[in-house]
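Protein chains in written order, with this note's numbering: chain A, 7 to 257; chain B, 3 to 436.
None of the hints are false.
What follows is a set of in silico ranges between Cβ atoms, one per label pair, in the way DEER data are often shown:
#1 B:D86 with A:S182: 47 to 55 Å
#2 B:D98 with A:D121: 42 to 50 Å
#3 A:A77 with B:I363: 54 to 62 Å
#4 B:D103 with A:R133: 40 to 48 Å
#5 B:D339 with A:S155: 28 to 36 Å
Sample of chain A residues facing chain B (criterion: CB under 10 Å; computed from the structure):
#6 Y53
#7 R58
#8 E81
#9 P95
#10 V96
#11 P99
#12 G100
#13 L111
Because the hints were derived from the structure by calculation, they are not lab data. Note that this is a predicted model, so its numbers are computed, not measured. Don't be surprised by glycine CBs; every beta carbon is placed ideally from N, CA and C.
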Amino acid sequence: MLEIKNLHVKLEEEDKQILKGVDLTVEAGKVHAIMGPNGSGKSTLSYVLSGRDGYVVTDGTAELLGEDLLAMETEERAAAGLFLAFQYPVEIPGVGNMTFLRTALNAQRKARGEDEISAGDFLKLIRAKAKDLQIDADMLKRPVNVGFSGGEKKRNEILQMALLEPKMCILDETDSGLDVDAMKLVSEGVNALRDEGRGFLVITHYQRLLDHIHPDVVHIMSDGRIVKTGGPELALEVEKNGYADILEEVA
Amino acid sequence: MALAQAKLDLTETRLAEMPAPTGEAGWAGEARSAAVARVRAMGLPTRRDEYWKYTDPATLTQAAAPRAAVFDADGEVPLYADIDRLKLVFVDGVFDPDQSDDLAMEGVEIERLSDALKKDIHWARDLFGVLETRGQDPVERPLAALNTGFATDGIVIRATAKVARPISFVYLHRDETSDAMLHHVVRVEKGAEVTVLENGPAAARFNKCMEIDVADGGAFHHVRAQGRDHERRAVTHMFARVGAGSTYKSFSLTANGAMTRNEHVIELTGDDAIAHVAGAAMGDGANAPFHHDDTVFVTHDAQCCESRQVFKKVLRNGAEGVFQGKILVKPDAQKTDGYQISQALLLDEDSSFQAKPELEIYADDVQCSHGSTTGAIDETALYYLRSRGVPASEATDLLVLAFLAEAIDEIEDPRLQDDIRSRLEQWLSRRRRS
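Just chain B, same shape as in the assembly (with noise of 0.2 Å):
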C-alpha cells in the first residue's frame, strides 16, 4: 500500500539528514539497507497511525531534537551508587571510555556496537537488527527500524556464566538539543545470568533499541531509571527472544519527561519461560508536559510459559498516562500464565490515564487475566493517616509509595529495590519540602 503523500514527506525528510554509517563489515551494511527499506515501507508514525492514538509521535519523528533543559540534580548521589558494577558511561549519546570501567569482566564478552559491527565474523549478525526485525509483525515499529539503520553507537553483551556484576549503563545529558541513538545487543548463553541497569534520560531526545536473546536456561535481569529531565523525549524498544526454561524481568522508572515511549516485544519461544515486565511512572505536568507510554507485546509461542505485566502509573496536573499491553497466545502455547495489570492514580482531575490491553488466545487450555484501573487517591486512607498526625503531603506520597510498591516489588534483586525504593521516597519527600 502506497504510504499517504504527508507520511512519504516526513519520512524522507528525516532519513535525509541521517548521516549513513561508512566502514562496517558486509553483514552489517547488509542490515543497515535491510533497516531503511524497512522505515521506508512502513514509514514513520503519525497520530493517525491506530498504535499511536494515544501517544503523538511528532516530536519523536520530527527532523531536529526539541530543546531539553539538563535538570539539575543538585548534588544528589547518583542511583546504583552502592552496588557493584561495571559502569559504562554515554554522554549525549557517545560512549565515553574515559569515564567508563574497562569492557572486561569474567563470563562476559563486552564490546562496543562499532566495534562489533566492522568485524566479518561477529556473533552478533544472527541479532543485530534480527530480532527488531521479528518484532515487526503483526505491528510495526518504524522508530526501532530507524535505529536499526543508523545507530553506531551502543554495547554488544554476551554472557556465558552468571555474570557476577550488573552491567550499568550510565545515560549522561549535556548538551540541550542532543539527539541521541543507541543500540545494545544482549545474548545470554545456555544458563547464563547478567544484569542490565540503566540510569538517566541520554539526551534531549532518545532512541534507544535493545535486543536480547536469553538461550535456553538463561536468565536477563533489566532496571531502569530514565532520568529527571523534565523536557526530555525518549522512544525505546526491548524486543527479547526467550528460550526454555530461561528468565527475562525488566524494570522501569520513569519520574518526569515530556515525552516517553518504551515498548517491549517479548517471544517466549520455548517451553516453561517466563518473561515479567514492571514500569512505575510519577509524572507532574506543573513544569513541564509529561506524557509517558508504556507498550508491551508478549507473544506466547510454547507452553508452561509465564508472563507477567505490572505497570503502574501516579499522575498530577495534567500528566498523561498510556498503557497498551496485549498477550497473543498462539494455537500451541498450551498452559500457558499470563497476567497484566495496568493502574493510574490521578492525584487531581486534569490529569488522564488511557489503557488498551488486549487478550488474542487461540490455545484452548491456558489462564490469562488481565486488569485495568483508574483512580484517585484513598480519601478514608488519607484521613486516617491525617488523624494520626501526619500532614497531608506527606500521607500523600505514603499511598502514592504504596501504590507503586506491587511494581517495585516485580524487581528481583533486593538491593535494587531498596535502592529504587528509597530513591522515590527521597524524590518525594525533596518535592515536599521545594
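Isolated chain A (complex conformation) (with noise of 0.2 Å):
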C-alpha cells in the first residue's frame, strides 16, 4: 500500500534535515502505529507524504499502490487515496463545512473520472455519516472548523475520512486535545472504516490512543529514522518505560 524507502528530508528556509532515512511499508489491511519523542520528524513525516510546502526531498522514495507520490500534487495525492488528518485541523472562516465536504468529495471524484454526487444524495449520505461520529446538523452549517472545540474538530477530520474513503490513512496525533469519551468516540470512527483493502499509519506519543485502535505493527522513530519495530507490546513497553530505554537499546 504504503512504500517509504531511504526518506530524507530538510526544511526548505533552513538547512536542517529532519528525516534521516526512513523505511516503511504499510500492507494493504494493516494498523501500523508511529511512536516517538518530540521532534523525532513524525509529524513531518505526515507532512511531507501529504505535499505540504516547506519541505524538500533530497533522496528515497515514497509509492502508494507503486505509484510516485513525491512527483504529485497535494489534491492529486489525495485523489490517489491518501488522507491525512491533521494534529491541528485548520478553521477556514466564510467556508460552510457542507459546502467544503460536497466540493472535496467532487473533486476527488472528477479527478477519478466519476461523476459528481447529486445534492439529495450527498446529503443522504453526509447525514448518515455525520451520525454515527455524533455531528449534529449545526457542525455541519458552520464555516469549516471555525468555534469547533477540540473533540470536535477531530470527529470532523474522522468525518471527512469516512466521507472520503481513502485507501491510506495517516492520522497525525488525532489523539491530542481529546478527553476519554471524545477518544472513543474517534476510535470507533476509525475501527469502523479498518477493512481488508486499506492501510492505517497512526502517529502518537502515547499507547492510549492504541488501546482503542489496535495496531499490528508499532515503530519508534527518534531522530528522523525509524530506530525499532515490532508488536503491539513495543507500545506497552514505551508507556512502562518511557523512550529512553529503547533509544539507549538501539544506539
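Bring the two chains, given one by one in their own frames, into a single complex with the hints.
In C-alpha cells form, the structure reads like this:
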C-alpha cells in the first residue's frame, strides 16, 4: 500500500535535515503505529507524504500503490487515495462545512473520472456518516472548524475520512486534545473504516490511543529514522519505561 | 483661490465640449448654471488633488471617452433575471422605452429626469443638485457637479408606500466610444420603502449621480453590479440624506473595469438612522488594467445613528484597489455607532491596495471603530483544502468567496444575496475552465 524507502527530508527555509532515511512499508488491511519523542520527525513525515510546502526531499522514495507519491500535487495524492487527519485541523472562516465536504468529494470523484454526486444523494450520505460520529446539523452548517472544540475538530477529520473513503489513512496525533469519551468516539470511527483494502498509519505519543485502535505493527521513530519495529507490545514497553531505554538499546 | 492654469485649461476644455441642456423649466436652468459655476470654481480634479492621490482622474476628465470594447457575456443569463422587478433599460446612457417596462407601479411615481426638469412645479426641485451641493463640503466632488450641470437622462422616483417590486436599471453598453451621464433622484417619503437595482457598465465612460432623500422611517435599498467590460471607466456618486429612524443600504459588486471610482456621501440627519454601505470588488489586471476606488464619507449629524462600511477587494495580476473612508461625527451626534472595515486579498505581489481610513469625532459619547487589512491567501487553509483533493485553483476560489462573504452578507434581501453570490461562483468557475 504505502512504501517509503530511505526518505531524507530537510526544511526548505533552513539547512536542517529532519528525516534521515526513513524505511517503512504499510500493507493493505494493516494498522501501523509510529511512536517517538518530540522532534523525532513524525509529523514531518505526515506532511511530506501529503505534499505540504516547506520541505525538500533530498533522497529516497515514497510510493502509494506503486505510484510515485512525491511527484504528485497535494490534491492528486488525495485523489489517489491518501488522507491525512491533521493534528491541528485548520479553521476556514466563510467556507461552510457542507460546501467544503461536497467540494472535496466531488473534486476527488472528478479526478478519478467519476460523476459528481447529486445534492440529494450527498445530503443522505453525509447525514448517515455524521450520525455515527455524533456530529449534529449545526456542525455541518458552520464554517469549517470555526468555533469547534478540540474534540469536534477531530471528529470532523474522521467524518472527512469516512466520506472520502481513502485507501491510505495517516492520523497525526489524532488523540491530542481529546478527552476519554471523545477518544473512544474517534477511535470507533476509525475502527469502522478498517478493512482489508485500507492501510493506516497512526502517529501518536501515547499508548492510550492504541488501546482503542489496535495496531498490527509499532515503530519507534527517533532523530529522523525508524529505530525499532515490533508488535503491539512495543507500545506497552514505551508506556511503561519511556523512550530512553529503547533509544539507549538501539544506540 | 485662483485655479492653476493647467486645471483651468482642463476644466474649460471639457466644458466647451458639453452641450447645454435646453427647453427646461426655470428652476432646472438655475440648478444647471449653479452646477456649472461650481465646476468652474472647483476645477476638474487632477492627480495633484489630495482626494485623488491614489486614483488618477485623467481618463475621467479628458474631453473624449477612451475606447472600451464591449464585453461578450456569451449568452449568460443577466443578473436579477429571476427577480420580479420593474425593468428600465438604458443603452449607452440613453433611456430605451421599447426595452423597458411602463413607468408605472403601485406606491411609486417614476418619471424620466428630462420630463421632470421641464415641469415648472415638481418635487424633484428640492433635491436635484441640492444633495450634490450639500455633499461638496468639506470635500469637493467636481465630477458630480459636472453631472448635475449636463446629465439630461435619468430617472426620478418618489416612493410613497412600501414598493413591492425593485426598480431595476439595466445599463447596456453597445458603442465602444460612448460617453454617458445619468442623473437619478430618489425621494422616499415617510415610512415608504424602495429597492433600486443597477446592473451593467452603461458605456465606455460613465458618469452617474444619484441623489437619495430618505424621509423619517423610510428605507432605501440599493444593489448594484457594474458589468464586466474590462476597459470601461466609471465615476459614480451616491448622495444620501437619511432621516430619523430610516435606513439606507447599498451594496456594489465590481468585477473588471479599467477605472472605477464609486463615491458615497451620506448624511445621517435624524436620530436612530441607519446607513450601511458595502462593496465587493474582484479585479484581474491580466487582460486590461483594473483600478477600483471606493470613497465613502459618512456624516453623523443626529443622535443614536448607526453606520457601517464593509469593503472587500480581491486583486490579482497588477490590479489596484483604493479605499478612502471617513466617518465624521458632529458635536451633537451622541451615541453614534460607527464601523468601518476595508480589506484586500492580494493574490500576487504585483497587485496593490491603498487605504485611507479616517475618523473625525467631535461628540464625546460615541462608539467608532475602523480597521484595514491587506494580506495574501491563507496558505495553511489552501493546503488543508488541497489535502482533501480540491485543486489549487478551486481551493483559491473557495477562499476568495469566503473573503468576500462579509460584504455580500450586507445585502438584506436573501434573493438578491443569493443571486450575487451564485453569480460570483459562476464567474470564478468559468474563469477556471477558460
